[in-house]
Amino acid sequence: MIHFVLLISRQGKVRLTKWYSPYSQKERSKVIRELSSEILSRGPKLCNFVEWRGFKVVYKRYASLYFCICNDQDDNELETLSIIHHYVETLDRYFGSVCELDLIFNFHKAYFILDEILLAGEMQETSKRTTLRLIAAQEELLEAAKEEASSLSSIIAQATK
Amino acid sequence: MNPFSSGTRLRDMIRAIRASKTAAEERAVVRKECAAIRAAINENDQDYRHRNLAKLMFIHMLGYPTHFGQMECLKLIASPGFPEKRIGYLGLMLLLDERQEVLMLVTNSLKQDLNHTNQYIVGLALCALGNICSAEMARDLAPEVERLLQFRDPNIRKKAALCSIRIIKKVPDLAENFINSATALLREKHHGVLITGVQLCTDLCKISPEALEHVRKKCTDVLVRTLRDLANSPYSPEYDIAGITDPFLHIRLLKLLRVLGEGDADASDSMNDILAQVATKTESNKVAGNAILYECVQTIMSIEDNGGLRVLAINSLGRFLSNRDNNIRYVALNMLMKAVTADGQAVQRHRATILECVKDSDASIRKRALELVYVLVNETNVKPLAKELIDYLEVSENDFRGDLTAKICSIVSKFSPEKIWYIDQMLKVLSEAGNYVKDEVWHALIVVITNATELHGYTVRALYRAFQTSAEQESLVRVTVWCIGEYGDLLVNNVGMLDIEDPITVTESDAVDVLEIAIKRHESDLTTKAMALVALLKLSSRFPSCSERIKEIIVQFKGNLMLELQQRAIEFNSILAKHQNIRSTLVERMPVLDEATFIGRKAGSLPGAASTTTMPSVGIPNGEAKPAAPLIDLLDLSSDDAPAPSSSGGDLLHDLLGVDLSPAPQQSGAGQPSKSGTDVLLDLLSVGSPAQSSSSTVDILSSNTNGKSPVSPLDDISSLSLSSRANSNAGAAPMMDLLDGFGPSPSKENNGPVYPSITAYESSSLRLTFSFSKQPGNPETTNIQATFTNLSSTVYTDFVFQAAVPKFLQLHLDPASSNTLPAAGNGSVTQSLKVTNSQHGKKNLVMRIRIAYKLNGKDTLEEGQINNFPREL
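The listed protein sequences derive, respectively, from chains A and B.
Everything in the first sequence is counted per our numbering, starting at 1 for the first residue and increasing by one.
Everything in the second sequence is counted per our numbering, starting at 1001 for the first residue and increasing by one.
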């Protein structure tokens, strides 16, 4: 089971945190601090696994971002690497060659996409197309709600004129 | 309703934060935004609630406190629109965790949303529930989730399946409700539903044996078929990763098959073919393929034995091991570790490659490989493996040395074929990484050295040579100092030369040089310096030519700021100056240290370590007749104030040398021998002590040093305790402790720790003693036998004992043996108590007592508090 997902920038800034196991807010910041110093200091040629507090943290660097997933000790590390890659590819398709700035300004979208791929610390959907279709359907709902709101407010505006 | 009235847009806030040049600037921006958001919350602003929450989430990620926004999440979730709910649920998962009370308030909204007509809202609720639900929520909402497992849209079914995993993990009793709907999911075609169904079944099987039976019987064939279809499926772009269709599903299926095959020959049989196919046919040049192979190997190793398959599996691990990708090698090492227990021989074949991995530049790989090498070592390969590891020690990185040293020491002592080899290897380790060697390791080395009589000369010469090059390694210095103190004469006279040795000429003053360097080196710590002082004292009688020089060195330490050193220097100086006649007997060579006692002490010092075989023991066959080593315990009056034998920490050599560095003894000074932590023997001999006492001590010593013809150790003990009792007016208790501590030592390992009795309460009229025992396996409970003795000359009648304990203890009192206490100690009343310490290991026992009795018909009451219980009760 996945315990948490972290996105950390090269500078140690947190870009996304998702917790599937109970960590109090205090523990969360401690975990982030510990792991980012450990992972950012590792050389480029080393393996992508760090043993940490009896768990295994699998990380992979994409451009300036480190994607980290904390797993149970006996989970399949190579699969976790593939999950990270799967997520990155989905983001890439959604944003169209994703970069760190996309994830900063649209951090909520990164969360929504992650929520369609992982749930309760397990794999939920293995098809990028399905994931993106679900996201698109929900965005349509948003648009519809917005239009409704604006048409409503224009009606109100006209009525109160 | 001006859209620009309440603060900036999210995008603008992020820009402003990113534009901050300093941390202070960023804090200012955040503070301003937070103030605006708080104001909006107070005004109950509805229009920008979701924007504010989005801002808060960003601020939260930067690490600022955002608890004030928690209620906003709940309000958004409760609002009717999808956009508000979506951001509300996101905030809920990010800003809260399951332990917060606020979360309970959301249960109702969740329930409504799970029944919502809009499937995306149902999806949001399932997602939140799956990620953060608590046990209470799981119980409340389980029926909804169960129903959603049959929802028409597959995207809801898959979410509900994963949600169920969280629910059964939180509340395992609910597992059986899910069995039927979960197994139904295994027949689905939709990959998302299938993979989540497989995961749900895996977790069900782990939690409930009933589910395991059911899935094993009904679904094994289905799963095998699904995996076969998947492995043989043609290219499908939607699920393809590096030429493999849905590796994630592959892996989850293999995982579930592993759970089903474990411990069941029939199920294992039915999956053999497909496992063989996956293991041979999967492409292994991409991560995804290797991930499947890895999972497949794991399954093969866990299910019931099929020889052919296992060979196949270990061979693919061998291929992994020679891969250039660090990730693959890491995984292979990890897996070989598990394979060792199944097939040690097959893993041994890859030993050379594994050994190379110990020297890898990657810390994660090194650690894995070292652990693997450690389990691969046995009697036949210990020599080459230890050599490789020790050679590597020279070039290893500092932060790896600690681990490496510990492992080398452990394998060397566990498997060493002969003593000389053990000593050689340990000397190499000490010279390379002596600063990383743990105390018990060099203690064990000294024990082995003393036992190897014919190697004394060889060892001390080798140490002398090693010292010349590696004097910066603390534990090497200590062992050298100790051995020169003991065997200095062998060093100088080249006694017992072995053929393999190069001749060496060491003068007496060279040997003293070593000690002088050790004692004056400023990096030396207190223990080393104290040991060097003892060694100097010993050499003073062995090397008469140097005794003046030695005396000068010792005199220099009479003014040392460290009390321990100062005291020793003063004592030793007085031995040198005033007690020439006994000096040579005093500084006799140590008797051979008993390995069994040493190991036993080590075991005894760790409560719970029942068998000594688990300890890193010095398992060297020893042909000599070993006299028991009473001296060890004789000198061990330095145990703590609460003299539980098991608390003396197994620090044999410290005891031997009388080095007790705990702060307590230093306060008491030399005047109260039995209480002070320093060596009683030395105190007996210290300035101005009566001649009679020293002679009695000498007797003991000599009888012990002649100990090769074993004298009853108890005799010695008692004679010492008598003599010191005569001199030092010591209280009775410590002496008892001495006897207690020694008496049971041969049987100690079996009976667990033994606790000394205490005098719990004493007044002019009454004495109460407690003796303790514990039942094995129940360390929290102590049985106390209370014995009351009447010290007056009148009989006590209507004798009643009452006791009270603090809340963390539970007390049970059995009836007393009598309610009449005979006068003048002519008999006693006993009563059993049972105390259970819920804070065992953290808090000590305490007890308040009240004793009521009638004295000549008059009521008398005595009260007291008992604080002197032995620790660890």
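The set of hints was computed from the structure by calculation and includes no laboratory data.
Mixed in with the good hints, there may be bad ones.
To be verified - Straight-line Cα separation of at most 30 angstroms, DSS-like style, residue types lysine-lysine; simulated pairs:
| # | chain 1 | residue 1 | chain 2 | residue 2 |
| --- | --- | --- | --- | --- |
| 1 | A | 60 | B | 1774 |
| 2 | B | 1520 | A | 60 |
| 3 | B | 1170 | B | 1281 |
| 4 | A | 18 | B | 1218 |
Unchecked claim - Every beta carbon over 10 angstroms from chain A, so not counted as near; a handful from chain B, in silico:
| # | residue |
| --- | --- |
| 5 | 1058 |
| 6 | 1081 |
| 7 | 1082 |
| 8 | 1086 |
| 9 | 1147 |
| 10 | 1199 |
| 11 | 1255 |
| 12 | 1270 |
| 13 | 1291 |
| 14 | 1304 |
| 15 | 1346 |
| 16 | 1390 |
| 17 | 1454 |
| 18 | 1526 |
Stated by the list, open to error - To give an idea of the interface, some chain B residues facing chain A are shown, with a C-beta separation under 10 angstroms as derived from the structure:
| # | residue |
| --- | --- |
| 19 | 1027 |
| 20 | 1066 |
| 21 | 1083 |
| 22 | 1094 |
| 23 | 1097 |
| 24 | 1101 |
| 25 | 1123 |
| 26 | 1124 |
| 27 | 1132 |
| 28 | 1171 |
| 29 | 1283 |
| 30 | 1287 |
| 31 | 1322 |
| 32 | 1338 |
| 33 | 1359 |
| 34 | 1438 |
Beta carbons: idealized from backbone N, C-alpha and C, even for Gly.
Going down the list of hints, with the structure as the test:
1. About 53 angstroms separates the Cα atoms of residue 60(A) and residue 1774(B), which puts this hinted pair outside 30 angstroms; it is violated.
2. A hinted pair counts as satisfied when its Cα atoms are at most 30 angstroms apart, and residue 1520(B) with residue 60(A) does not qualify at roughly 52 angstroms.
3. Using a Cα cut-off of 30 angstroms, the hinted pair residue 1170(B) and residue 1281(B) is violated, with the two alpha carbons roughly 39 angstroms apart.
4. For the given pair, residue 18(A) sits about 36 angstroms from residue 1218(B) by alpha-carbon distance, which is inconsistent with the 30 angstroms threshold.
5. Against the 10 angstroms criterion, residue 1058(B) falls within the reach of chain A, whose nearest CB is about 6 angstroms from its own CB.
6. The Cβ of residue 1081(B) does not lie farther than 10 angstroms from every Cβ of chain A; its closest approach is about 5 angstroms, which violates its non-interface assignment.
7. Distance to chain A contradicts residue 1082(B) as a non-interface residue, since its nearest Cβ pair spans about 5 angstroms, not more than 10 angstroms.
8. In this structure residue 1086(B) is not separated from chain A by more than 10 angstroms, as the shortest Cβ-Cβ distance comes to only about 7 angstroms.
9. Distance check on residue 1147(B): its Cβ is at least 18 angstroms (rounded) from any Cβ of chain A, clearing the 10 angstroms threshold; non-interface status holds.
10. Here residue 1199(B) does not stay apart from chain A, with its beta-carbon only about 5 angstroms from theirs, under the 10 angstroms limit.
11. The claim that residue 1255(B) lies off the interface is violated: its Cβ sits roughly 8 angstroms from the closest Cβ of chain A, which falls inside the 10 angstroms cut-off.
12. The Cβ of residue 1270(B) sits about 23 angstroms from the closest Cβ of chain A, beyond the 10 angstroms cut-off, so the non-interface label holds.
13. Once the 10 angstroms rule is applied to beta carbons, residue 1291(B) is inconsistent with being away from chain A; the minimum gap is 3 angstroms.
14. The Cβ of residue 1304(B) lies farther than 10 angstroms from every Cβ of chain A, with a closest approach of about 19 angstroms, so its non-interface assignment holds.
15. Chain A leaves residue 1346(B) outside its interface by the beta-carbon criterion, the shortest separation being 21 angstroms against a cut-off of 10 angstroms.
16. Every CB of chain A lies more than 10 angstroms from the CB of residue 1390(B), the least distance being 25 angstroms, so the non-interface label holds.
17. Distance check on residue 1454(B): its Cβ is at least 45 angstroms (rounded) from any Cβ of chain A, clearing the 10 angstroms threshold; non-interface status holds.
18. Separation of residue 1526(B) from chain A is adequate, the least Cβ-Cβ distance of about 34 angstroms exceeding the 10 angstroms criterion.
19. A least Cβ separation of about 15 angstroms between residue 1027(B) and chain A goes past the 10 angstroms threshold, and the interface hint is therefore violated.
20. Hint status for residue 1066(B): holds, given a least beta-carbon distance of 9 angstroms to chain A, under 10 angstroms.
21. Interface hint status for residue 1083(B): upheld, as the beta-carbon distance to the closest one in chain A is roughly 5 angstroms, under 10 angstroms.
22. With its C-beta approaching chain A no nearer than about 7 angstroms, residue 1094(B) sits inside the 10 angstroms limit, and its interface hint holds.
23. A distance limit of 10 angstroms between C-beta atoms decides the matter here; for residue 1097(B) the minimum to chain A is near 5 angstroms, and the interface restraint holds.
24. Nearest Cβ of chain A to the Cβ of residue 1101(B): about 13 angstroms, over the 10 angstroms cut. The hint is violated.
25. The interface hint given for residue 1123(B) is met, as the beta carbon of that residue sits about 8 angstroms from the closest beta carbon of chain A, less than 10 angstroms.
26. This hint holds: residue 1124(B) has a C-beta 9 angstroms from the nearest C-beta of chain A, less than the 10 angstroms allowed.
27. At about 8 angstroms, the closest approach between the beta carbon of residue 1132(B) and any beta carbon in chain A falls short of 10 angstroms, and the interface hint on this residue holds.
28. Checking residue 1171(B) against chain A by beta carbon gives a least distance of about 14 angstroms; that is not within 10 angstroms, so the hint is violated.
29. With 10 angstroms as the threshold, the beta carbon of residue 1283(B) stays out of range of chain A, its nearest partner Cβ sitting at about 13 angstroms, so the hint is violated.
30. The beta carbon of residue 1287(B) is positioned within 10 angstroms of a beta carbon in chain A (closest approach about 6 angstroms), and the interface hint is therefore held.
31. The closest approach between the C-beta of residue 1322(B) and any C-beta of chain A is roughly 15 angstroms, which is over the 10 angstroms cut-off, so the hint fails.
32. Proximity of residue 1338(B) to chain A holds as hinted, the smallest CB-CB distance being about 9 angstroms (cut-off 10 angstroms).
33. Interface hint status for residue 1359(B): violated, as the beta-carbon distance to the closest one in chain A is roughly 14 angstroms, over 10 angstroms.
34. Given hint, residue 1438(B) at the interface with chain A, is violated; its Cβ is 22 angstroms from that chain's nearest Cβ, farther than 10 angstroms.
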